[in-house]
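Enquirer: The sequence shown runs contiguously to residue 129 in our numbering.
Think about it this way: if two alpha-carbon atoms lie no more than 27 Å apart in a straight line, the pair counts; the simulated DSSO-like pairs of lysine-lysine are:
{"no.": "1", "residue 1": "Lys105", "residue 2": "Lys56"}
{"no.": "2", "residue 1": "Lys46", "residue 2": "Lys56"}
{"no.": "3", "residue 1": "Lys46", "residue 2": "Lys29"}
Don't read these hints as lab results, they were simulated from the structure.
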Amino acid sequence: MKIQILADAHGNVMHLFERDCSVQRRNQKVIEFAPAVALPIELRQKICNAAVDLMKSVHYLNAATVEFLVEGDQFYFMEVNPRVQVEHTVTEMITEIDIVHAQLKIAMGGDLFEPFKYRLHLGGAYFEQ
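Produce the complete structure using the sequences and hints provided.
Expert: Here you go:
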């Protein structure tokens, strides 16, 4: 499970929900989709909150992806990718947030919540091969 994160210099850290990349063949991702349809809402919230808490604790600044392994109702931290990943467009399609634009705004010292006020909402589903 990949959680997309945005964090600015004003202490704002937000998640942009999850991308599921569990469909693999020979350890290579076949498809990535969002939201994760088999993930219970309560577990989604716990994973997203854990990703935000982690990035706040290290005072991260920029876009990143926090990856977790999910097994049943448990999840385990795997790694942080401190960059925009190729699959970021999956997240952009379900949140209507331009991640590259947000990254540029962060680099210029902008506040994620002013003046454009990124409003987080989950709108639809999307997948990428």
